[in-house]
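Engineer: Sequence:
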Amino acid sequence: MKKSILFVINPISGGKTKLDFPRLADKYLDKSIFQANYAFTEKVGHAHEIALEALKRDMDIIVAVGGDGTINEVASAIVNSGKTMGIIPYGSGNGLARSLAIPLKSKQAIIRLNRLETNVIDSGVLNGKNFFNMAGMGFDAHISTRFAEDKTRGLQGYVRTTLTEIWQYKSQQYQIEIDGISYEREAFMVSIANSSQFGNNAHVSPFASVKDGLLDVCIIKPFPLYHFPLMGYHLFSKTAHKSKYVEIIKGKEIRIVRETAGAVHLDGEPQYMSSELEIHIKPLSLAILN
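According to our numbering, the stretch in the sequence shown is residues 453 to 742, in order.
Don't take each hint at face value.
[Stated by the list, open to error] With a straight-line Cα cutoff of 20 Å, these simulated EDC-like cross-link-like pairs (lysine to aspartate or glutamate) come out:
| hint | residue 1 | residue 2 |
| --- | --- | --- |
| 1 | K581 | E728 |
| 2 | K663 | E569 |
| 3 | K559 | D482 |
[Stated by the list, open to error] Per label pair, the in silico range of CB-to-CB distance:
| hint | residue 1 | residue 2 | range |
| --- | --- | --- | --- |
| 4 | K557 | E728 | 41 to 49 Å |
| 5 | F680 | I633 | 41 to 49 Å |
| 6 | I464 | E705 | 35 to 43 Å |
| 7 | I618 | V709 | 37 to 45 Å |
| 8 | M453 | K557 | 27 to 35 Å |
| 9 | S689 | E601 | 24 to 32 Å |
| 10 | V572 | E705 | 19 to 27 Å |
| 11 | K454 | K694 | 46 to 54 Å |
| 12 | K622 | M453 | 55 to 63 Å |
| 13 | P555 | V709 | 39 to 47 Å |
| 14 | K622 | K455 | 47 to 55 Å |
No wet-lab data here; the hints were simulated from the structure.
Every residue gets a Cβ at the ideal spot worked out from N, C-alpha and C, and that includes glycine.
Whenever a hint applies, use it, and build me the whole structure from the sequences.
Structural biologist: Written as structure tokens, this is what we have:
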């Protein structure tokens, strides 16, 4: 019996056209293994709707063709369902795909699916919403909100937004409880890492693992702006843990109270949430072809 596989394609993620993706997949997908189907998303949240409908149709494998936001929508439908997802990375950062060593070139990523090798990973939950790579609040959530409003997608747009906004962003106070231990911190941002990186090989928590049953709470403390290039060096050299402005604490159950309600991001996608945030890990809850 061939396995039914559905490719859920976000046509605008990463600023890259994907109209010819079905032709590419038809060329490199092993037709002796798969019966392929394709669906293009039309709006935010549509990938999630398509994936839920595919589960009702008992599709075997659902593949997200897009960035971390598209992956989040598909994975949120599949998590704990017993079904398997795949990833063809087409985003601005591709953090989860990079962490799982999924090829960034579409041809190689499609060919990798033919191996039918499955990797089961942890997932996180923040106020009832799933995340699979990274969640956060503070500056990175602020940037995610601004980036979502920017018509220039890709790394160039993200860097431009960051350099514009960093001069005026103010740090906040956070009350943080991790597995029953309380911390009070002033922070530029707080990232909750399931994998090690944001994307584009910027590693905020170099030793985070998607399979250890733990989330890494990465507290970036206020730092002088002249230190910004060095912070960038730490991120891209996997040495963030060596910075005196970075504190990383692992845990399973996390509660964060911040000064006000505001933006958070889940896998790079911004949302508005209350000042009180409840976060926990769901160990080995998502199967991904890898």
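Engineer: Against each hint, give a clear statement of whether it holds in the structure.
Structural biologist: Hint check:
For a cut-off of 20 Å, the pair hint linking K581 to E728 stands: about 14 Å separates their Cα positions. Of the pairs offered as hints, the one joining K663 and E569 holds, with about 16 Å between alpha carbons and a cut-off of 20 Å not exceeded. Straight-line distance between C-alpha atoms of K559 and D482 comes to about 12 Å, which keeps the hinted pair within the 20 Å bound. For K557 paired with E728, a C-beta distance near 42 Å keeps the hint of 41 to 49 Å intact.
A beta carbon spacing of about 31 Å between F680 and I633 contradicts the range 41 to 49 Å that was offered as a hint. Taking 35 to 43 Å as the suggested C-beta distance range, the pair I464 and E705 conforms, at roughly 37 Å. A beta carbon spacing of about 25 Å between I618 and V709 contradicts the range 37 to 45 Å that was offered as a hint. In this structure the hint that M453 and K557 lie 27 to 35 Å apart at CB holds, the actual value being about 30 Å.
Take S689 and E601: their Cβ atoms lie about 31 Å apart, and the range 24 to 32 Å holds. At about 21 Å, the beta-carbon gap between V572 and E705 stays in the expected band of 19 to 27 Å. Between K454 and K694 the beta carbons are some 50 Å apart, a value that agrees with the proposed interval 46 to 54 Å. One distance hint, 55 to 63 Å for the beta-carbon pair K622 and M453, holds here, with the actual separation near 58 Å.
Distance hint check: the CB atoms of P555 and V709 are about 41 Å apart, consistent with the given range 39 to 47 Å. Separated by about 51 Å at the C-beta atoms, K622 and K455 satisfy the suggested range of 47 to 55 Å.
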